[in-house]
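2 protein chains.
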Amino acid sequence: MLNRVRSAVAHLVSSGGAPPPRPKSPDLPNSTSAPPAAPPQAPRSPPARAGSGSAAPAKTVEARASFSRPTFLQLSPGGLRRADDHAGRAVQSPPDTGRRLPWSTGYAEVINAGKSRHNEDQACCEVVYVEGRRSVSGAPREPSQGQGLCFYYWGLFDGHAGGRAAEMASRLLHRHIREQLKDLVEILQDPSPPPLCLPSTPGAPGSSDSSHLVGPQSCWSSQKEVTHESLVVGAIENAFQLMDEQMARERRGHQVEGGCCALVVVYLLGKVAIIVRNGEIIPMSREFTPETERQRLQTLGFLKPELLGGEFTHLEFPRRVQPKELGQRMLYRDQNMTGWAYKKIELEDLRFPLVCGEGKKARMMATIGVTRGLGDHNLRVCSSTLPIKPFLSSFPEVRVYDLTQYEHCPDDVLVLGTDGLWDVTSDCEVAATVDRVLSAYEPNDPSRYTALAQALVLGARGTPRDRGWRLPNNKLGSGDDISVFVIPLGGPGSYS
Amino acid sequence: MLNRVRSAVAHLVSSGGAPPPRPKSPDLPNSTSAPPAAPPQAPRSPPARAGSGSAAPAKTVEARASFSRPTFLQLSPGGLRRADDHAGRAVQSPPDTGRRLPWSTGYAEVINAGKSRHNEDQACCEVVYVEGRRSVSGAPREPSQGQGLCFYYWGLFDGHAGGRAAEMASRLLHRHIREQLKDLVEILQDPSPPPLCLPSTPGAPGSSDSSHLVGPQSCWSSQKEVTHESLVVGAIENAFQLMDEQMARERRGHQVEGGCCALVVVYLLGKVAIIVRNGEIIPMSREFTPETERQRLQTLGFLKPELLGGEFTHLEFPRRVQPKELGQRMLYRDQNMTGWAYKKIELEDLRFPLVCGEGKKARMMATIGVTRGLGDHNLRVCSSTLPIKPFLSSFPEVRVYDLTQYEHCPDDVLVLGTDGLWDVTSDCEVAATVDRVLSAYEPNDPSRYTALAQALVLGARGTPRDRGWRLPNNKLGSGDDISVFVIPLGGPGSYS
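The listed protein sequences derive, respectively, from chains A and B. Just so we're aligned, residue 1 is where the first sequence starts under UniProt numbering, counting upward by one. Just so we're aligned, residue 1 is where the second sequence starts under UniProt numbering, counting upward by one.
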């Protein structure tokens, strides 16, 4: 029996020198001829309970030129100004009077204490309808036939060096996921194993006959079995890559300078795929930092030394090596080692280490503290032309949690939060707040999840006192943007 | 409370194109001027309870020319012939009358059923004394001063394509570990944190003054803390690399054609460092196969495509792609993906996949089923000149188990076995045999561990019946070489 699932922002970004080959779909949402920031195609009609999503297509051009918050907050111009006020730091939630978010999801956010001009977090909560690319009969299917798939989607995006990357990802990432799922609509609804091959020209009526599908029965006996679940995981993995590639292509039009970390939940056919940060209570995620990804970064630097530009060494030392230590033997570790050993210091060991520092101060190439994310295509090492991007990977980690495997009660929630929450709040403190707030409401009161999201944001923000935002224990609250989704896990049955 | 620890052969071998920088010690056991197979220097006097080790230095030249078994078996020429008999497959254990192995370790082995001319497993059980490279006073210390360190060592080596690599590793790997530990003798016995730097010329009296040690107190505050434990892990990691490099240099003299997997236990200062294969009961290890190491192999092939020689693709497909499938979209996954997706088949996808097959049939470069190991420096892809070695890594995985953290009873054992054991015996079956055999003996009877090792070997071998070696359930027993160590964990206190 699951009690609570907690998770948070995943740190994402492109592995390796050259980009890996990616499947190209003809109607991918990344055409360069589309107007900047405009979604690649008109959104499909969501089903009856569609969530109030992020900006609609018509608003994107306007949004580009000004500060925006998630449309499900339904902020008036005056409300938008209040949400943008660093002094008051008013907590924002969707209005009680509006349509609830899917699953009665709770949401709350607050702007930072002056760290950046605007709130660099963004959020998206959507019900997304996926129409199959073709029907078995070869004729395009009408959406009204109800043969498509629906997925529920929650995304938190924690921007850095500006909010544009987070904004772009919040508008488009779920559309990339939808595009990737289009090929799978029929396959996922068919209990037989996925076909090994699809016809070469997707959508072309002539090639969509199911007899063109090369089923596993026609293959060698040594064929690997591929599950439906792994197809959804692959679709999400590719969607992240394509989102990042679109940011690279269109960054000028979108004025995307910085990047963002992304934390996404996809609910599809009874399973939740979570791209997340580590949580103790039920670990659904892990952090991607220069420390946790040390060996991946060192391996890339070792195999592709040209990416280090003669400025960095892929070896790690406990601290920066000093010229006077040349010839001494110092502790080090390379890309293979988990332990430490001594090596004689040579000239090239005086280069700056690819990975250095500990905890919150850990840095990659002396520049950035996250190692996965979307965007940052212009990011260079400080006072250098060396790009960070090949080390910063846009590849997500996807974990699958089967919601049907447990009977969830109304107090079972998935808490998604940005750094602003987790920097000052432990897993146990979150669990205590969940207990305290939910028990003050009737189990069937849908507003309890918004109240919980608000309590978590307030608890991380604190109150203004002694020249700062302080928590009840007098420690400093988070001066960062704070955004929290509370997703009740007991509810999905009625939506699936 | 630990009940039982099970582990088995680790699959090991050199990451990446060029070898990583390694510390060079002046008296490393790999001088090319030494006679082949001779240990690099005379063994140190072991302490009183020294185990009967593998071949002594004087015997190595003779051993090179003929079949050999671990010297602790004390086999006479006639006994050696019986141990080499594929028809009888007599189980071999150290004689009751001789000195016991350290910790009353049990050992048993049996030759294969005709798979190879000789038994390609090798074993080593040693007490190794490590003399510090220098004393604090600058004068070389006498071993009799008792200021050195002792470690207990068990190694199983599972050879392939000949037994020479296993034989060489069984004679020399623990000496490489000793060499790597020499720098650490003083450091490990000093409770203060390890020094960041050592003097530049180890062993030189003039530089061994402790004032030359750059302690952490003199360093920046941002210095990373390095534990004693991680120094031992680093020493073991480097020892494996150096063992593999020695095999590369001296393979002609030692007639080393094939390679071997290695499973090693080191007991030092209360902790056991285990380089191992996965076990369910208390997982101390994992297997290194083309399946478990898929992403490492694909990443190397992606970043260094020249290592694939235009013959292989780093992409994985559920089965080999056929020319007629060109232009179709087939399931694939790349080095980043854990899920699967469809991609359009292009000409280069028709190359053989770097990783293919499942389970026991999984192969790397269509050639070998293990992805880590020592040796194999001559191994090429079948009917090609492409070397396997950069993909086959000699790097071990080291896990540390603190023996002092639990109060072990006499029934708590660590079972090390080669593939011959684990191919036909599940974790649970091993646990049941442990229960059955140990309960038939008094807890203080030291022969119970040898009896257990014999029972495990017999249980995996079976008895000759119906034209084969069969288990009681009539399934086929293992036709492979089978070697088993049973290490009682309740004993070490009296030896440490």
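Hints may contain errors.
Claimed, not checked - What the simulated footprint calls covered on chain B by chain A, stretch by stretch (three residues with Cβ under 8 Å from a Cβ of chain A suffice, anywhere in the stretch; the number is not a length):
no., region
1, 76-89
2, 98-107
3, 186-199
4, 295-303
Bear in mind the hints are in silico, worked out from the structure with no lab data behind them. Every residue, glycine too, gets a C-beta built ideally from N, C-alpha and C.
**Request:** Kindly indicate which numbered hints from before are broken by the structure, ordering the numbers from low to high.
**Result:** 1 and 2
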